[in-house]
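Heads up: the sequence lines are chains A and B, in that order.
When you line the first sequence up against our numbering, it's residues 1 to 299, in that order.
When you line the second sequence up against our numbering, it's residues 300 to 567, in that order.
The set of hints was computed from the structure by calculation and includes no laboratory data.
On a predicted model such as this, the values are computed, not experimentally measured, just so you know.
Hints may contain errors.
[To be verified] Here's a subset of chain B near chain A, in silico, CB distances under 7 Å, partners left out:
1. D335
2. T336
3. P408
[As the list claims (entries may be wrong)] Below, in silico cross-link-like pairs of lysine to any residue (SDA-like), each with a Cα-Cα straight-line distance of 20 Å or less:
4. B:K327 with A:G102
5. B:K327 with A:H189
6. B:K567 with A:V207
7. B:K567 with A:G102
8. B:K567 with A:G105
9. B:K327 with B:A418
10. B:K327 with B:L423
Every residue, glycine too, gets a C-beta built ideally from N, C-alpha and C.
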Amino acid sequence: MITVESLTRRYAGFTAVDDVSFTARPGRVTGFLGPNGAGKSTTMRVMVGLTVPTAGSATIDGRRFADLPNPGLEVGVLLDASAQHAGRTGREILAVAAATMGLPGSRVDEMLELVSLTPTEAGRRVRNYSLGMRQRLGIATALLGDPQVLILDEPANGLDPAGIRWMRDLLTGFAGRGGTVLLSSHLLHEIEVIADDLVVIGNGRIVASGTKDELLASAGTLARTPSPRDLAHALEQAGIPSTLAGDGSVRTEADPARVGAVALAAGLALTELRSAEGAGLEDMFLSLTADTQREGVAA
Amino acid sequence: MTATTISRDPAAPVRRTVRPIPTARLVKVELRKMFDTRSGFWLLVSIAVLSPIAAGSVVVVAPDSDVTYQSFARASGFPMSVILPMIAILAVTSEWSQRSGLTTFTLVPHRGRVIGAKAVATLLVGVGSVALAFAAGALGNVAGSAVAGLDTVWNIPWSMATQMLLGNLVGMAIGFTLGVVMRASSAAIVGYFVVSLVLPGVLQLLALVQDWFLDLQPWVDWNYTQVELFEGATNTGEEWAMLGSTTAIWIVVPLVVGLWFLRRSEVK
Chain A
1 MITVESLTRR
11 YAGFTAVDDV
21 SFTARPGRVT
31 GFLGPNGAGK
41 STTMRVMVGL
51 TVPTAGSATI
61 DGRRFADLPN
71 PGLEVGVLLD
81 ASAQHAGRTG
91 REILAVAAAT
101 MGLPGSRVDE
111 MLELVSLTPT
121 EAGRRVRNYS
131 LGMRQRLGIA
141 TALLGDPQVL
151 ILDEPANGLD
161 PAGIRWMRDL
171 LTGFAGRGGT
181 VLLSSHLLHE
191 IEVIADDLVV
201 IGNGRIVASG
211 TKDELLASAG
221 TLARTPSPRD
231 LAHALEQAGI
241 PSTLAGDGSV
251 RTEADPARVG
261 AVALAAGLAL
271 TELRSAEGAG
281 LEDMFLSLTA
291 DTQREGVAA
Chain B
300 MTATTISRDP
310 AAPVRRTVRP
320 IPTARLVKVE
330 LRKMFDTRSG
340 FWLLVSIAVL
350 SPIAAGSVVV
360 VAPDSDVTYQ
370 SFARASGFPM
380 SVILPMIAIL
390 AVTSEWSQRS
400 GLTTFTLVPH
410 RGRVIGAKAV
420 ATLLVGVGSV
430 ALAFAAGALG
440 NVAGSAVAGL
450 DTVWNIPWSM
460 ATQMLLGNLV
470 GMAIGFTLGV
480 VMRASSAAIV
490 GYFVVSLVLP
500 GVLQLLALVQ
510 DWFLDLQPWV
520 DWNYTQVELF
530 EGATNTGEEW
540 AMLGSTTAIW
550 IVVPLVVGLW
560 FLRRSEVK
C-alpha cells in the first residue's frame, strides 16, 4: 500500500507537485497518468526518497521509504531504465544490487531468465543495450528482492509488442498475488488494459482518481450501423443526444442497452455496439488535462 | 448474470522481518563498484602495469648511488599518486555522471551511509595500493641491486613510509572531496588538475611577488605540504600544524559543505 498525503514539491518559481493525495492499494494495479511535465516522475522520486518534498508525505505500508531497513526487499523501483553505469555489464548491475540487498548470486540468474536476457546479452556492457533491453534489466532489478510493492515509471517504454504483453501479464500476476503496483505510462491503451485504479495528474494537481470502472462509466456508448444518420435521428427522437464521429460511429452518453433498443425500434441493423471504453480513457485524459496540454487540444 | 464475482481479496501483506543493511556489506559493494566498470578496470590495470615499469626504469636510468629502496619505492609509487585520486573521484561522481545513483540511493536511502562506505572503500584501496608500491619497490630493489652488482640499500625509515602513505591518502581525499563537491566526473577531474598543477604555480608566483604571502604559503598550499610528506620531511610540530591547516582548507571545509549539499540534492 502506497499512501501519498498532501504532497507538494516547489522549485524556485514553480510548483511541480501541488497538494497531491492518493493511495495505491494492494492487489490492484494503479495507473498514474498525466501529460509531460505534469509531476508524475517528481511524485515518484519523492516516494522513494530521491527528492525531498516541500510539504506532505509519501509512505509505503505506513513507513517513510527512508525508514525501510532494506528497501530493495520491500519495494521494487524502476524510475529510468537508462540510469545505469554504461560501463557495467547487465549481469554485474544485478549482482551489485543483489549484493546490496544481501541476496545470493543465484537470484541474479533467476531474474535474467525471468526477463529473457540471454547469458550473452547479460555479459555485454549496458552502453550497448537497446532501450528495451535496459527496460528488461530495470524490471529485473526491481523484482530482484521479491518485493510487495512496485513503483514503475514508464516501464513499457521501448518494449516490443511481445515484451509489452509479457509486462502486462507480469504486473497483473503480481497484483493478483496481493502486491501493490503503481505504474505510470503515456500508453493509454496499455494503462486501460492493465490498471484497476487510475490517478490522473495535470499541472501538478490531481484532476481525477478512482477505479477505472468509475472513471470510465460516464464514457457512454459507441454504435456502428450502415446508416449512422438514421440512428442519430432515431436517438434524437427518443430524447438521447448523440454525436456522429468522423469514422462513421455514433457516440452517446446513454448505456448500450438503450441504444440497442432504439435501433431495434427504428429497424436499424447495428454492426457494433459497445461501451465507448476504447476511446474513453483517451477522451477522459484529454478533457481532464485539456488546460494543461501543451498542444491545447480540446477533447 | 450470476453473482459469483471472484474477489481479489489480498491477504494483508505478510511483513517479513527485514534486517537493516550492515555497513560492512556496503563497503564491500562500493569496493566492487570501483573496479567492475570499464574505466575502473583499466585504472586498476594501469597501476599494475605502470608500477613495475617505473621500478624497472630505475635500474636503467639511475646512477649506482641511487640504486636504493627509496628510489624504487618512490618510482613504483609515482603512477599511483596520479591514478589513486582519479579512482577516488570516479567512486563518487559516477553515481551522478552515469546516473547509477538512482539505483544506489533507492537501495540505500541514506546518502551519508553510501558516501561513508565509499570513503572507507577509497581508504582501503589507498592503503592496499601503497602496500603494493612498497612491495614492488622492494622486489625492484633486490633485483636491481643484484643486476648492478651493488649492496642492497634499505633506506626508508618507518616515519618516511607512513608519511608517503599519508601523502597518497591526502591526494585521494582531495579527489574524493572534489567528487563530493562537483558531482560530475569531468568537472572533478579537471578540478583536480587545476588544484594540483595550476594552483601551485600561482601560489608560488604570489609568494615571489608578495612578501606577506611567503610565510603564509606553507599554511595554505596543499601541494607544499604534499611534497613534504612524499619527501618524509614533515617532522616538527609546526610542519604537522601546516599539514593540518592545508587539510582543513582543502579537504575538511569543502567536504563538509559538499556533503551538506549532496544530502539535500535531488538525484535525477
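Hint by hint, here is what the structure shows:
no. : hint               : result
1   : D335               : holds, 5 Å
2   : T336               : holds, 4 Å
3   : P408               : holds, 4 Å
4   : B:K327 with A:G102 : holds, 11 Å
5   : B:K327 with A:H189 : violated, 44 Å
6   : B:K567 with A:V207 : violated, 26 Å
7   : B:K567 with A:G102 : violated, 25 Å
8   : B:K567 with A:G105 : violated, 28 Å
9   : B:K327 with B:A418 : holds, 12 Å
10  : B:K327 with B:L423 : holds, 10 Å
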